[in-house]
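Student: Starting from the known structure of chain A, arrange chain B on it as the hints suggest.
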Amino acid sequence: MLTVGLDVGAESIKAVVLGDSGIAGYAVLEGQFELRKTCEEALSLALGRANASASDVSGLLSTGVGNKEAGYGDRAVTEVVADARGAVWLCPGARTAIDVGSEQARAIRCDGTGKVVSYGKNDKCAAGVGAFVEAMARALEIRIEDVGKLSLQSDRDISLDSNCVVFAETEVVSLIHARTSKADITRAIGDSIARRISSMVHRLGVEEQVIFFGGVAKNIGVVERLKHHLGKSIVVPEEPQIVTALGAALIARDQKGT
Amino acid sequence: MRPSSRATRKEPDITQPEFWRWKEYTWKSENGLAPDAVLTGGIDVGSVSSQAVVLADRQLYAFANLRTGADSSESSVRAMNAALDGTGLKLADIRYVVGSGYGRVNVPFAHKTITEITCHARGVNYLNPAVRTILDMGGQDFKANRCDAQGKVTQFLMNDKCAAGTGRSIEVIAQLIGIPITEVGPLSMTVETDPAPISSTCVIFAKSEVIDLLRRGWSKPEVLAAYFGALARRVSALIQRLGVAKEFAISGGIAKNIGVVTRIERELGVKAVSLGGTDPQIAGAIGAALLAHGLFAQSRSR
Chain A
6 MLTVGLDVGA ESIKAVVLGD SGIAGYAVLE GQFELRKTCE EALSLALGRA
56 NASASDVSGL LSTGVGNKEA GYGDRAVTEV VADARGAVWL CPGARTAIDV
106 GSEQARAIRC DGTGKVVSYG KNDKCAAGVG AFVEAMARAL EIRIEDVGKL
156 SLQSDRDISL DSNCVVFAET EVVSLIHART SKADITRAIG DSIARRISSM
206 VHRLGVEEQV IFFGGVAKNI GVVERLKHHL GKSIVVPEEP QIVTALGAAL
256 IARDQKGT
Chain B
-5 MRPSSRATRK EPDITQPEFW RWKEYTWKSE NGLAPDAVLT GGIDVGSVSS
45 QAVVLADRQL YAFANLRTGA DSSESSVRAM NAALDGTGLK LADIRYVVGS
95 GYGRVNVPFA HKTITEITCH ARGVNYLNPA VRTILDMGGQ DFKANRCDAQ
145 GKVTQFLMND KCAAGTGRSI EVIAQLIGIP ITEVGPLSMT VETDPAPISS
195 TCVIFAKSEV IDLLRRGWSK PEVLAAYFGA LARRVSALIQ RLGVAKEFAI
245 SGGIAKNIGV VTRIERELGV KAVSLGGTDP QIAGAIGAAL LAHGLFAQSR
295 SR
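Quick mapping for you: the protein sequence lines, in order, are chains A and B. Okay, so the first sequence: first residue is 6 according to the numbering used here, each after it adds one. Okay, so the second sequence: first residue is -5 according to the numbering used here, each after it adds one.
Chain B with its partners taken away, still in its complex shape:
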């Protein structure tokens, strides 16, 4: 039977640390800025995180990766301000901005909005042009995309109805077992052999199952391995419906979780290629800024 969810029904303990919370951060290029450089911006306002990227002549110049607040318009402004902070640049210096992601219609300074599907493919293509299959693993959805050599999407499938397999579900489990979100992946790799995956699909039921496994004496690494095993299976099923063409890459926040990435690779029998060391979570915003560059050039030539 499905184990009791009784233990999850306790009142939330507000004194408990926020294990799900990941660190917001910004990055700036150390290279100087050419005086005639064309600056374009990309904003990817996701359901959980928001990224702002500034490109100078199509080269990564600055970016910020923050948590999305209750107001997506405000979150986009905050992200762009964070990216510009310390660069000496103002928003007015950015010639063209493309907004993307779940909250893209609420980016007040965007010249145009483009879906995150298009932007992720474009961004991943920029980071590694050999990629033809992209798994974008976000906070509240995951998408499988096939793209061509130019980074144009040829096919895609997505899940956005159910939290199973999303970043949000990993936050829920991290919080439940009290391990910081950045450590759950590595910790799951410390088991010698993976136990059978968690049997519940629904995150709510999986929480009960996890509590029951812990009560039976399973270690936290074992539980995480079982959880990520189930997650990898679910996500891989979506990719397999499209078929995996090489090279295969994972973008989005979960691409930083070694426990999930390794198990997806195992499930698919394909290694995920590197995106050159750039944070895979900003691929969408990079794509948006690249598209912004193209749109700006177009508007100039008219």
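Chain A on its own, in the form it takes in the complex:
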């Protein structure tokens, strides 16, 4: 049986095709000027990679902030529920799941079956989500992909005092003027976002194993600083962006009763 999970995020669209032996194919696409069209593209790309066609799909569930606007609102599951299901399937020992995307951060305590025990989220403030890293990369004139790697070259603790992205931009410009190295600044950026994620997780209570995913988990600098602030080891899946879509596909399969 094939089921599909579609995660329509603020920045990227993720589709996962789940077969009997696990993930059969997936796709991650950027762009959302034509949301519905991009979703369809992601779906057909993921199905193609699974050597399957739409007629083979016995169930589809959508999730993500844009699923209604994309027209998949009638077959939906919340991000938090999908996060927990996907996290525990990938890492059966996971009890704390942290998902940080471009505009939303969520921390979820879950049980061994992948059900949500409690959760917290931030979707009001860009500090502590991917948009923060993007704004900082722009201020530093480096690629967002390089922020994490560059930060590993520094072991200097300088801190960004601003809690707000708008103010942090000004602060980063002052640091550049003061000739602080870009490596040191990127380390401070990773530390700043990790501190915010960590305090969100601490409010829930941290239970091991911790799994961290979403686009921001691709930033190795944030991962390292988060390990430091949580004082725990952290599992990061190989493809951190597709966990929520995977969870949706798993729940679609659960609903079909297999």
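Calculated directly from the structure, the hints in this document are not laboratory data. Errors might be hidden in some of the hints.
[Said to hold, decoys possible] Per label pair, the in silico range of CB-to-CB distance:
#1 A:H234 with B:K240: 43 to 53 Å
#2 B:G63 with A:K129: 25 to 35 Å
#3 B:A239 with A:G210: 37 to 47 Å
#4 B:A124 with A:L209: 47 to 57 Å
All values reported here derive from a predicted model rather than from experimental measurement. C-beta: ideal position from N, C-alpha, C; glycine also.
Tutor: For chain B alone, coordinates are given in the frame of chain A:
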């Protein structure tokens, strides 16, 4: 869903005019100076703007309103020099200087530093003694103060953690939609009825929302009305936690933005009283110079 921020992710266009930039200016009294006049100074070094005020026997004699640079010490010197320029006065003629504002510890020629909360209340009281509730809207924060008949602060609340509702956020939006900062207020008043306020609190997310609204065909005045509506709501919530006692006044740079002031008045159901035509942005520096006058008199009587 929250609209795409993709359009904001383009590289900044350095050839684009600086719509956020407001004009720096100075002012001088046309009255002559009494030979025995006591001159005192107030410097308010904010995060975005710096003001220097010179009082002669507690009367406004000269002031400058400039942008704060990267170095707040340098900005304070520049502001005081600008205020003194053309008056024939030197810094040494100023008997006592009080530094205030975010960068107050970096004013090299200040005899004393006093917080901008105290100074704004004192300055607003000087400009209109009937005021009991002050909203000070600055570049990187906003504060709600209650004060007594002498201009002493009795209560205050502030937001300085988040750019939403600050002058900086208006600069960001003005730049984004390409309207000079001094024109966004009047332009927002050209709409017949206000649309629903912007739903994002965070300025970064509001930028995406604004881009999306423009893409959907909203006019710039409509977008500004929606943005200022949200800003007024946020700021009013802070004042309402203190309670509004009459008279109510707004100080700081945003007090010059008719679009924001009108919507705060609507939200609170209270009119903001006039500060007598004096630039509301210099209220803090006036207060600092008045406090300097008092401190100088005290030091003399000892």
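Student: Each hint needs a verdict: does it hold in this structure or not?
Tutor: Now the hints, each set against the structure:
no.: 1; hint: A:H234 with B:K240: 43 to 53 Å; verdict: holds, 48 Å
no.: 2; hint: B:G63 with A:K129: 25 to 35 Å; verdict: holds, 32 Å
no.: 3; hint: B:A239 with A:G210: 37 to 47 Å; verdict: holds, 44 Å
no.: 4; hint: B:A124 with A:L209: 47 to 57 Å; verdict: holds, 50 Å
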